[in-house]
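The residues making up each chain are set out below.
Protein chains: 2
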Amino acid sequence: MQNNRYKMTLCYDGTNYAGWQIQKGEKTIQESVEKAMETVLREKTSLVGSGRTDSGVHALKQVAHFSTKTAISDLAKLTYCLNGLLAKDIRILSIEKVLSTFHARYSVKKKSYHYHLTLCPYQKPFEKLYSYHVLGSIDLDLIEKALLHFIGTKDFTSFTNVRSSAKKFTKTLFSLCLNKKADGIIIEFIGNGFLYKMVRNIVGTLLDVGQKKILLEDIPKIFAAKDRKKAGKSAPAHGLFLFDVEYE
Amino acid sequence: MQNNRYKMTLCYDGTNYAGWQIQKGEKTIQESVEKAMETVLREKTSLVGSGRTDSGVHALKQVAHFSTKTAISDLAKLTYCLNGLLAKDIRILSIEKVLSTFHARYSVKKKSYHYHLTLCPYQKPFEKLYSYHVLGSIDLDLIEKALLHFIGTKDFTSFTNVRSSAKKFTKTLFSLCLNKKADGIIIEFIGNGFLYKMVRNIVGTLLDVGQKKILLEDIPKIFAAKDRKKAGKSAPAHGLFLFDVEYE
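Which chain is which? The protein sequence lines are X and G, in order. Under numbering that gives the first Met the number 0, think of the first position of the first sequence as 0, with each following residue one higher. Under numbering that gives the first Met the number 0, think of the first position of the second sequence as 0, with each following residue one higher.
Just so you know, the hints here were simulated from the structure itself, not pulled from any lab data. Keep in mind that the hints are not guaranteed to be accurate.
Remember, identical chains collapse to one label, so a pair may be satisfied in a single copy or spanning two.
What the hints assert, rightly or not - No farther apart than 27 Å at their CA atoms in a straight line, the calculated lysine-lysine pairs in the DSS-like style are these: (1) K87 / K232; (2) K179 / K127; (3) K179 / K87; (4) K170 / K26.
Keep in mind it's a predicted model, so treat the numbers as computed, not measured.
The task is simple: from the sequences and hints, build the whole structure.
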């Protein structure tokens with residue numbers, strides 16, 4: 000029985016990719032890594048990611064698993080060779096052998112996403128691809144109060160997009176906090192899983208709260224409506240980082 | 000007498016520019032800003048920078064001056080309009096009125112440059128345009144000892160490139176230190192002025208010391224030779240940031 004299963008940890012700059020998932024005619028992270036693996040391993044290998052990231056979304060830590068017909072003897076060498084073949088906007092951080100029961104998506108216990116926002120009048124050029132620049136006044140106290148409405152086990156239907164294939168819309172946010180920096184904030188999410196566009200839709204809604212377009216008391220009503228149209232618009236992809244994926 | 004002189008502070012990502020200085024057929028920072036100024040001010044205006052930065056070199060803070068025929072009534076509005084016209088990789092941070100005796104180059108008291116080096120096996124994709132990735136073992140203690148040889152008032156002929164138009168090769172480095180980070184170092188220079196490619200040539204030489212290609216006792220000999228060929232090769236542009244320019 001085949002038990003050559005491996006866990007790969009990688010990071011990427013999503014700017015020039017149409018997201019994680021393979022799509023015909025598009026350059027994706029999954030396809031780029033699978034192609035490099037085929038070159039090195041001389042066999043077609045499928046990567047199963049912890050989840051998709053959308054076009055333009057970055058990952059400081061993404062996890063995927065794969066299985067091979069023959070065991071890989073030198074994982075450090077494989078890592079080295081893959082990084083040699085890959086463009087510099089994707090880096091394999093480690094590859095380790097795992098039990099055949101390990102599944103990059105189903106075995107996830109916690110995932111963290113960070114959303115970066117620049118709130119000063121002029122954004123440093125170095126951050127233009129990695130932080131969403133919001134002009135105008137934002138009330139951070141209101142956003143901090145709003146965060147509390149999202150923490151816990153809730154039906155997030157109003158915060159996922161229609162094309163979501165999820166059948167279960169209940170997710171648990173263990174923690175949601177606002178980290179202040181010199182020129183902006185990072186909104187940090189930790190949850191047991193995330194629906195399609197959920198982080199970006201929540202960020203968009205929080206920004207509407209901070210700009211007084213949505214009132215604090217409207218948030219429970221938005222949850223209750225189970226209607227995407229009631230929430231704020233989606234914040235852009237380039238401010239979003241998959242920050243961590245944790246397993247048991 | 001014309002006394003409408005202004006000091007502009009700006010930052011830029013040098014990745015997509017052939018440096019600060021206007022050059023025929025090349026996209027430069029100076030030309031981009033002058034073009035935007037002509038559009039807003041409806042007069043041709045020349046910018047005098049604190050110094051040139053080379054192709055691919057970044058600036059967290061660059062300073063330039065300019066003069067206009069008619070006084071500018073609203074400097075905040077001018078800043079806002081220029082940022083609206085400029086690509087996001089150049090940001091004007093402020094424009095202020097100064098005495099007609101202010102000169103962005105001649106009035107400089109101190110300039111600081113930071114050179115960013117990634118020393119871990121895999122560089123984060125987000126840093127690939129902003130830090131030079133060096134593989135292999137580097138002895139940081141040796142580099143720290145080597146730094147001491149560069150501090151003070153010295154003839155830096157061996158550390159400037161031939162095409163340098165400087166007539167005086169003596170410069171003073173007030174401070175030169177190594178700042179350790181999680182995945183690399185920043186080499187921080189503060190001096191009264193810098194010759195063409197001087198920072199990058201010193202960094203290249205320091206790396207040769209860290210890799211034991213140049214011995215500590217060779218450094219005084221390199222200074223004495225007044226010969227660029229005796230020093231290490233130039234470190235690449237993308238690790239270098241003009242960090243600060245100070246005036247009285």
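ask   = So which hints don't hold here, by number, going up?
value = Failing hint: just 4.
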